[in-house]
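*Asks:* For reference, the chains in residue letters:
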Amino acid sequence: MEATLTDTPRSTLIGFSRDAVEELSRRKAEPDWVLRARLAAWDLYESMPMPVRTDEEWRRTDLRGLKLDRQIPFAGLERRGVGLADLLPAGEGGLDPDVHRAGAVVQRDAATVHAEVDPALAAQGVVFADLDTAVREHPELVRRFFMTEAVPVGFGKLEALHAAFWQGGTFLYVPKGVRVELPFRAFAVATEPGASLFAHTLVVLEEGAEAFVVDAYRSETQERQAFTSGVVELILRRDAKLRYVQVQEWGRHVWSFLTERAVLADDATLNSLHVSLGSKFAKNSIGAHLRGENSLAEMLGIFFADGDQFMDHHTWQLHESPFATSDLEFKGALKGKARSVYSGMIKVEEGAQKTDAYQQNRNLVLSPTARADSIPNLEIAANDVRCTHGATVSQVEEEHLFYLQARGIERSEAQKLIVEGFFRPVIDRIPVAEIQDFLQAAIAHKVGI
Amino acid sequence: MSETTATTTAAPMFEIENLHANIEDKEILKGVNLTIRKGEIHAMMGPNGSGKSTLAYVLAGHPSYEVTEGVIRFNGEDILEMAPDERARKGVFLAFQYPTVIPGVSMANFLRMAVTSVRNARADAAAADGGEAKRMAPREFRRLMREKMALLKMDDSFATRYLNEGFSGGEKKRAEILQMALLEPSMAILDETDSGLDIDALRVVSEGVNALAGPEMGILLITHYQRLLDHIKPDRVHIMMDGRIVQSAGPELALELEAHGYEGLRARFAPDLSPVVAAERA
Ligand SMILES: Nc1ncnc2c1ncn2[C@@H]1O[C@H](COP(=O)(O)OP(=O)(O)OP(=O)(O)O)[C@@H](O)[C@H]1O
Ligand SMILES: [Mg+2]
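Sequences listed follow chains A and B, in order.
The numbering of the first sequence is our numbering, which starts it at 4 and goes up by one.
The numbering of the second sequence is our numbering, which starts it at 210 and goes up by one.
Among the clues, some could well be false.
[Stated by the list, open to error] One-sided excerpt, in silico: chain B residues whose CB lies under 8 Å from chain A:
no., residue
1, Ala269
2, Pro272
3, Ser273
4, Ala292
5, Asp294
6, Thr309
7, Pro312
8, Val314
9, Met322
10, Val327
11, Ala330
12, Lys381
13, Gln388
14, Leu392
[As the list claims (entries may be wrong)] Per label pair, the in silico range of CB-to-CB distance:
no., chain 1, residue 1, chain 2, residue 2, range
15, B, Ala334, A, Thr391, 31 to 39 Å
16, B, Ala292, A, Ser370, 13 to 21 Å
17, B, Arg436, A, Gln398, 39 to 47 Å
18, A, Pro371, B, Arg436, 41 to 49 Å
Because the hints were derived from the structure by calculation, they are not lab data.
Every residue gets a Cβ at the ideal spot worked out from N, C-alpha and C, and that includes glycine.
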């Protein structure tokens, strides 16, 4: 990747403002339509109230620790050619960037440092690029899909802020009938102290297209608080199939917000997995609109919080058409003084007959000072549907520990086995050895912390 | 009878003296005395609820039981303060009456961890005594597991299943013996391993136990039935009643019990628990 921006004086901007939007766009030398879209989003942001704790979705979320007005609105934008190995040293416990892949985009802060896509796929019309490149090379596609359909700009206050300040991000477009088996890998690595990050993933699969996307977010823990607000948009046309995996390993200084929506047309299939391991605070809103008949969304989640981490997952299974299926399983473990909230909504609209919706959230609490709350919700306006949900919060059973210990396994190792066993049914549902191995190691590491 | 004298002079493994144990402040063991020497097989019988499993748990170090009095020595060492895993690494094995189901933990994974920790501890102990440290290689573990599974006529698919999940009663018991065969303990406590086994399985499991038994090993068999003792010949038979061993004798005691039941013993040793005595008193 060539350097397209020369070194600019370090930003002294603090806090989010209209000026900051203009400055960001100027530095990125963006086309005028992008700046106008950003400013419109900024106006929307300003007109919307901040979420308050009386809003159901924010009731259990304490935002007092987040100092939005003290954040640096964006990081340095210098593009520098950095080897994958420099940025993502092997053996760090993360996903290996060097495995077989259809393409990779690596971003450090807001700058893309590595981008590649299998030329054979590019020749078939597949686009996999950082969003800045996509804006330049495929403006018509970006204009059509970026925050229009899955997560519109006016979705909420933080989403509007995201639309005004998005930086970095990746775009995948797979044309009709093209099926890609190997994963497209996107890595977002944050390094600049205090800089906000607005990672964006936009995936569009045309009719009958198939793809596999892995998003990995990572940073080392730093002193200064950092704010990130990501948006993921997954658009699946008729009969498209997408496997989407997201692994969040932000440092413990990060306040992370994520809004993800998938839109599924007739016969489309989504298999998603969200893994939350990092950050000080994480609030994820993850949803699928089952807009087409016979569409299927499998939504899996694994979270593991320790220390003083707070993790909040809201999921949405939005049945808007008949004969669609959604199957959700989120599992969380908690240690130390960690707290988690899971709130899941199955919403079946009038006319969405023969809906089959399943939702399960299980939590394993490993210390007496950790706490998990689970709130399942159903809203059903059709009469011929099958909806099941279940939620549990439990502890490691002393009998299980004793059994393993009676076989010579040390208590701490026994605990690891049990926690790994707790997550195992979800891990077994992801038929990708690399991801299974990564999860197993990450869980063992977390138990051992 | 010369054999008996030989065994009584062998070194003691378990020495249990005046053992009292509570669960939730309720006294279950009320002064158990028992010595098991190397090479000896002891059978423990006794009515339901008399404290047999409690004794097994206390010997293995279950944290829910509180020992209020007495001592347990294993190979001369006081083990009361030892964690269960440490006891297991020293050679104590408990085959559970009700093996625990642990979801998501694969049998193979679990067995590998158990075998490596126990065998490596043993190898390290041998090395510390000036012997050779023979830690186990993964290849060797797989070979050993296949061998022992074949011995116990267990299907290979067991290895890929989750620990005891969906196992039938008999399969669970067989899996317990598989673990014993892999861990090669010097002291095995088998808590009703025979219950739930069909006739063929009883033979297979008994052969598995007999294959391990030998002059270096102590065995405590908790059972309700003579039929197990037809396969595994005990040196001593004890009867536990109301938290105490009320009678100890040779193998003929088990046959006697089979013929007469516990009532006579109960009237003598635990009259408060005897319906006959209660009726007489009334
Ligand atoms: N968690 C507990 N709380 C209270 N009482 C208990 C508990 N566990 C065991 N007991 C009691 O301890 C007593 C001894 O139980 P134990 O399981 O040792 O009997 P057992 O001799 O093995 O019987 P069985 O032949 O039926 O297996 C019983 O009265 C039982 O109810
Ligand atoms: Mg019992």
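*Asks:* Each hint needs a verdict: does it hold in this structure or not?
*Replies:* Outcome of the hint check:
1. Ala269: OK, holds: alanine 269(B) within 8 Å of chain A, min 5 Å.
2. Pro272: Holds: closest Cβ of chain A sits about 7 Å from proline 272(B), inside 8 Å.
3. Ser273: 7 Å, holds
4. Ala292: OK, holds: alanine 292(B) within 8 Å of chain A, min 7 Å.
5. Asp294: This hint holds: aspartate 294(B) lies near chain A, its Cβ roughly 4 Å from the closest one there, short of 8 Å.
6. Thr309: 4 Å, holds
7. Pro312: This interface hint holds because 6 Å falls under the 8 Å limit.
8. Val314: 4 Å, holds
9. Met322: At about 5 Å, which falls below the 8 Å cut-off, the nearest Cβ of chain A leaves the hint on methionine 322(B) intact, so it holds.
10. Val327: 4 Å, holds
11. Ala330: 7 Å, holds
12. Lys381: Given a least distance of 12 Å, the restraint on lysine 381(B) is violated.
13. Gln388: 6 Å, holds
14. Leu392: 7 Å, holds
15. Ala334(B) to Thr391(A): 31 to 39 Å: At 53 Å between Cβs, range violated.
16. Ala292(B) to Ser370(A): 13 to 21 Å: 19 Å, holds
17. Arg436(B) to Gln398(A): 39 to 47 Å: Given range 39 to 47 Å: holds, Cβ gap about 40 Å.
18. Pro371(A) to Arg436(B): 41 to 49 Å: The hint (41 to 49 Å, Cβ to Cβ) holds, given that proline 371(A) and arginine 436(B) are roughly 47 Å apart.
The structure shown violates the earlier hints numbered 12, 15.
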